Amino acid sequence: DSGVTQTPKHLITATGQRVTLRCSPRSGDLSVYWYQQSLDQGLQFLIQYYNGEERAKGNILERFSAQQFPDLHSELNLSSLELGDSALYFCASSQRAAAYEQYFGPGTRLTVT
Amino acid sequence: GENVEQHPSTLSVQEGDSAVIKCTYSDSASNYFPWYKQELGKRPQLIIDIRSNVGEKKDQRIAVTLNKTAKHFSLHITETQPEDSAVYFCAASTAGANNLFFGTGTRLTVIP
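Chains as they are written, first to last, in this note's numbering: chain C, 15 to 127; chain A, 8 to 119.
Don't take each hint at face value.
Label pairs and their calculated CB-CB ranges [said to hold, decoys possible]:
#1 127(C) - 66(A): 38 to 46 angstroms
#2 64(A) - 30(C): 47 to 55 angstroms
#3 58(C) - 22(A): 31 to 39 angstroms
#4 89(C) - 85(A): 37 to 45 angstroms
#5 46(A) - 41(C): 22 to 30 angstroms
#6 65(A) - 114(C): 17 to 25 angstroms
#7 58(C) - 46(A): 18 to 26 angstroms
#8 33(A) - 79(C): 26 to 34 angstroms
#9 102(A) - 125(C): 35 to 43 angstroms
#10 21(A) - 30(C): 44 to 52 angstroms
#11 78(A) - 68(C): 23 to 31 angstroms
#12 58(C) - 35(A): 22 to 30 angstroms
#13 65(C) - 21(A): 43 to 51 angstroms
#14 65(A) - 125(C): 39 to 47 angstroms
Source of the hints: derived by calculation from the structure; they are not laboratory data.
Bear in mind that the values here come from a model prediction, so they are computed numbers and not experimental data.
Ideal Cβ placement from N, Cα and C applies to all residues, glycine included.
If we strip away everything but chain A, and leave its shape as in the complex, we get (with noise of 0.2 angstroms):
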């Protein structure tokens, strides 16, 4: 099955920094990328995602890249501010599954 590997498992930045989360997935045919933050004793919650027709998407201060090539993926924060202090999972899919396969998180905390 598909094997999802995340790094760091933790980082610090500074506010106004920009945090960069990477993420390895195995398998050729996944084709789906979400990415969630989930703040602590609360849900994940979906904040940005990208299917493998399209390199980059950005939403505001969020952006994910996505290199098929290498099978990697990446989760890009600007302008971090103390709120997006969380732990933040990577999670793939592979077309036609039925499940997701998530990373082990990164927690981010975010020094004012």
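Okay, chain C solo, but in the shape it has when bound (with noise of 0.2 angstroms):
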């Protein structure tokens, strides 16, 4: 166990819809990191937060969106949802802005009907 929480575990939805991912870092870590991992993919960083501010974007559409709360979770908006974005979305935290010792939650398994 990471101590990284994810929230829910599992989601199934339909197309067009909009879904929010939850995530709860390491006691202790400011920098909350989302990653998203389709089917026998490897991992895309999508978005950084350190301390509540945004720090980094990798591949994240516009259709998502991101952010950190003042008690640190965060969470992940996916909107107008495609079969595309089926996937594995997972958070990992570190204590740092910079990407050192990086914890990864369960992740949550997104399927879009």
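Since each chain comes alone in its own frame, lean on the hints to assemble the complex.
Here it is as structure tokens:
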């Protein structure tokens, strides 16, 4: 157990809908990273927040957005969902803004039907 | 940006043999190189990492070596066991960068 928690574990929704994924970092970690992993694919970096502020952006679609709250938990919002958005979504946390020692949560499996 | 290439994509070894996975990176400013193990349907798990000020790091049966001149790093697993079967990802991060760049993964199968 990494200490990073994610909810929900599974999510099934229809095309065009909007969902919110939640992540709580390890105690003491200020950075949260979001990654997407499609079937048999690698890990695609989406976005990073550090202490409430956006720090880095990767291959995140405009239909996706994220935020980090004062208690440091983060939410990833996915809207106008398409079939191709079906994937595992992981968050990871680390102590600092730099990318060292990221610990991953268990992931949310999103299925868009 | 950084580009990380990983080889091989699949690797099968007999139990007890060694396994080696290699990665190359493009940005000479990269200074942090972690390795993650991901079992089917589970989270990537950080198993070992190395920073550019050292050439080798070992933790029990796993070791990572780094060649800064050639811009490549490798994961070595000795005395492999069936529970080592998983997908392994290498990654790199540039000094001051805020994200990791991942390789495409190696599916390791240890045959009992």
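Outcome of the hint check:
At roughly 43 angstroms, the beta carbons of residue 127(C) and residue 66(A) sit within the given window of 38 to 46 angstroms. A hinted range of 47 to 55 angstroms for the beta carbons of residue 64(A) and residue 30(C) is consistent with their spacing of about 48 angstroms. Between residue 58(C) and residue 22(A) the Cβ separation comes to about 33 angstroms, which falls inside the hinted range of 31 to 39 angstroms. A C-beta distance of roughly 42 angstroms is found between residue 89(C) and residue 85(A), which places it inside the suggested range of 37 to 45 angstroms.
Take residue 46(A) and residue 41(C): their Cβ atoms lie about 25 angstroms apart, and the range 22 to 30 angstroms holds. Under the hint 17 to 25 angstroms, the C-beta atoms of residue 65(A) and residue 114(C), about 19 angstroms apart, fit the expected range. At about 20 angstroms, the beta-carbon gap between residue 58(C) and residue 46(A) stays in the expected band of 18 to 26 angstroms. Hint check: residue 33(A) to residue 79(C), Cβ distance near 30 angstroms, so the stated range 26 to 34 angstroms holds.
Take residue 102(A) and residue 125(C): their Cβ atoms lie about 39 angstroms apart, and the range 35 to 43 angstroms holds. Between residue 21(A) and residue 30(C) the CB atoms are about 50 angstroms apart, so this pair conforms to the stated range of 44 to 52 angstroms. For the hinted restraint 23 to 31 angstroms between residue 78(A) and residue 68(C), the CB-CB distance of approximately 30 angstroms keeps it satisfied. Hint check: residue 58(C) to residue 35(A), Cβ distance near 24 angstroms, so the stated range 22 to 30 angstroms holds.
Range check, residue 65(C) to residue 21(A): about 48 angstroms between beta-carbon atoms, so the 43 to 51 angstroms window is met. A hinted range of 39 to 47 angstroms for the beta carbons of residue 65(A) and residue 125(C) is consistent with their spacing of about 41 angstroms.
Consistency note: the structure conflicts with none of the earlier hints.
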